[in-house]
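Protein chains: 2
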Amino acid sequence: MLNIGVLNQGIVIDHIKAGGAMKIYTYLNLENLDCSVAIIKNAKSNFMGKKDIIKIEGTLDGINLDMLGALDHKITINIIENGVIIEKKNPDLPKTVTNILKCKNPRCITSVEQGIPHTFKLTDRENGVYRCVYCEQAFERR
Amino acid sequence: MLNIGVLNQGIVIDHIKAGGAMKIYTYLNLENLDCSVAIIKNAKSNFMGKKDIIKIEGTLDGINLDMLGALDHKITINIIENGVIIEKKNPDLPKTVTNILKCKNPRCITSVEQGIPHTFKLTDRENGVYRCVYCEQAFERR
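Going down the list, the sequences are from chains A and B. Just so you know, we're using the numbering used here here: the first sequence kicks off at 110 and counts up by one. Just so you know, we're using the numbering used here here: the second sequence kicks off at 110 and counts up by one.
Treat the hints as calculated values from the structure; they're not laboratory data. One thing to keep in mind: the hints can contain errors.
Note that the list lumps identical chains together, so a pair holds whenever it fits in one copy or between two copies.
[As the list claims (entries may be wrong)] Below are the EDC-like pairs computed for lysine to aspartate or glutamate, each with C-alpha atoms no more than 20 Å apart in a straight line:
{"id": "1", "residue 1": "K204", "residue 2": "E245"}
{"id": "2", "residue 1": "K198", "residue 2": "E222"}
{"id": "3", "residue 1": "K198", "residue 2": "E140"}
{"id": "4", "residue 1": "K132", "residue 2": "E222"}
{"id": "5", "residue 1": "K159", "residue 2": "D201"}
{"id": "6", "residue 1": "K213", "residue 2": "E235"}
{"id": "7", "residue 1": "K198", "residue 2": "D123"}
{"id": "8", "residue 1": "K197", "residue 2": "D143"}
{"id": "9", "residue 1": "K159", "residue 2": "E235"}
{"id": "10", "residue 1": "K211", "residue 2": "E222"}
{"id": "11", "residue 1": "K230", "residue 2": "E190"}
{"id": "12", "residue 1": "K132", "residue 2": "D143"}
{"id": "13", "residue 1": "K211", "residue 2": "E249"}
{"id": "14", "residue 1": "K159", "residue 2": "D143"}
{"id": "15", "residue 1": "K197", "residue 2": "E222"}
{"id": "16", "residue 1": "K213", "residue 2": "D123"}
{"id": "17", "residue 1": "K230", "residue 2": "D201"}
{"id": "18", "residue 1": "K126", "residue 2": "D143"}
{"id": "19", "residue 1": "K230", "residue 2": "E166"}
{"id": "20", "residue 1": "K153", "residue 2": "E166"}
{"id": "21", "residue 1": "K153", "residue 2": "D143"}
{"id": "22", "residue 1": "K213", "residue 2": "E245"}
{"id": "23", "residue 1": "K211", "residue 2": "D123"}
{"id": "24", "residue 1": "K183", "residue 2": "D170"}
{"id": "25", "residue 1": "K204", "residue 2": "E249"}
Just so we're clear, the structure is a prediction, and the values are computed from it rather than from any experiment.
Turn these sequences into a full structure, and let the hints steer you where they fit.
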């Protein structure tokens with residue numbers, strides 16, 4: 110079984126839906142950062158069967174991690190300092206997100222025209238449902 | 110520091126040039142496989158300063174791992190069974206590769222016309238240099 114050692118300082122994003130880590134990796138622009146990053150895809154999980162995990166060594170200055178709630182509302186974000194979890198939280202779901210989710214409705218104005226921001230509103234906080242403000246299509250996590 | 114536990118059965122691709130893991134991840138189509146995968150980006154390395162590592166639990170049937178030599182000729186491929194490395198090898202560099210490397214010369218026929226296979230030939234085995242068969246542009250690893 111794959112597992113990963115402890116971090117001294119950094120962020121662990123846990124309980125990501127299996128297969129969902131790459132979207133978060135892309136959103137956080139981790140490809141272009143110099144810090145060490147570990148991504149575990151399809152890790153075994155007692156609660157979820159399978160899950161993804163991302164571990165980032167160092168800090169992510171200026172990045173609003175709550176935005177990740179729009180990508181996956183069930184993730185847990187652990188902030189680690191000196192090898193100890195100092196904060197453990199589920200992201201607050203932002204009411205509106207722009208250019209984080211993409212509308213997949215081929216008849217939506219955002220699909221037909223170029224340059225229109227993809228804006229979604231939170232319509233069901235409990236289930237983390239976001240809908241496109243133009244066509245009301247729900248964002249589907251795979 | 111990030112590190113990853115041992116595998117019982119699988120493949121470890123080590124000594125990947127830092128920042129190069131995603132190309133290999135994409136080539137091996139790991140996004141769409143069900144097996145557990147760990148990617149460590151910018152891991153500390155005594156020899157390389159920084160490196161990437163990919164660990165794959167399970168087997169990759171039908172995939173020619175030697176093709177990875179075209180993407181990064183300095184990688185080490187470790188095959189693991191029952192928790193033990195049973196084979197450790199550097200990929201043999203294939204003489205010709207098709208649709209693994211992309212020619213970035215904007216004036217190359219493969220850039221101008223659609224549907225032409227991107228074919229590269231090995232022209233310098235020692236340094237792992239591949240050149241486009243149409244325009245002779247060398248493939249540059251970043």
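Each hint tested on the structure:
no.: 1; hint: K204 <-> E245; in the structure: within (15 Å within a copy, 53 Å between copies)
no.: 2; hint: K198 <-> E222; in the structure: neither (38 Å within a copy, 51 Å between copies)
no.: 3; hint: K198 <-> E140; in the structure: neither (24 Å within a copy, 27 Å between copies)
no.: 4; hint: K132 <-> E222; in the structure: neither (24 Å within a copy, 31 Å between copies)
no.: 5; hint: K159 <-> D201; in the structure: neither (24 Å within a copy, 35 Å between copies)
no.: 6; hint: K213 <-> E235; in the structure: neither (23 Å within a copy, 47 Å between copies)
no.: 7; hint: K198 <-> D123; in the structure: within (10 Å within a copy, 34 Å between copies)
no.: 8; hint: K197 <-> D143; in the structure: neither (24 Å within a copy, 29 Å between copies)
no.: 9; hint: K159 <-> E235; in the structure: neither (22 Å within a copy, 42 Å between copies)
no.: 10; hint: K211 <-> E222; in the structure: within (13 Å within a copy, 30 Å between copies)
no.: 11; hint: K230 <-> E190; in the structure: neither (34 Å within a copy, 49 Å between copies)
no.: 12; hint: K132 <-> D143; in the structure: both (19 Å within a copy, 17 Å between copies)
no.: 13; hint: K211 <-> E249; in the structure: within (10 Å within a copy, 33 Å between copies)
no.: 14; hint: K159 <-> D143; in the structure: between (28 Å within a copy, 10 Å between copies)
no.: 15; hint: K197 <-> E222; in the structure: neither (41 Å within a copy, 52 Å between copies)
no.: 16; hint: K213 <-> D123; in the structure: neither (27 Å within a copy, 38 Å between copies)
no.: 17; hint: K230 <-> D201; in the structure: within (14 Å within a copy, 52 Å between copies)
no.: 18; hint: K126 <-> D143; in the structure: between (26 Å within a copy, 13 Å between copies)
no.: 19; hint: K230 <-> E166; in the structure: neither (32 Å within a copy, 39 Å between copies)
no.: 20; hint: K153 <-> E166; in the structure: between (22 Å within a copy, 11 Å between copies)
no.: 21; hint: K153 <-> D143; in the structure: between (28 Å within a copy, 11 Å between copies)
no.: 22; hint: K213 <-> E245; in the structure: within (11 Å within a copy, 40 Å between copies)
no.: 23; hint: K211 <-> D123; in the structure: neither (23 Å within a copy, 35 Å between copies)
no.: 24; hint: K183 <-> D170; in the structure: neither (23 Å within a copy, 34 Å between copies)
no.: 25; hint: K204 <-> E249; in the structure: within (17 Å within a copy, 44 Å between copies)
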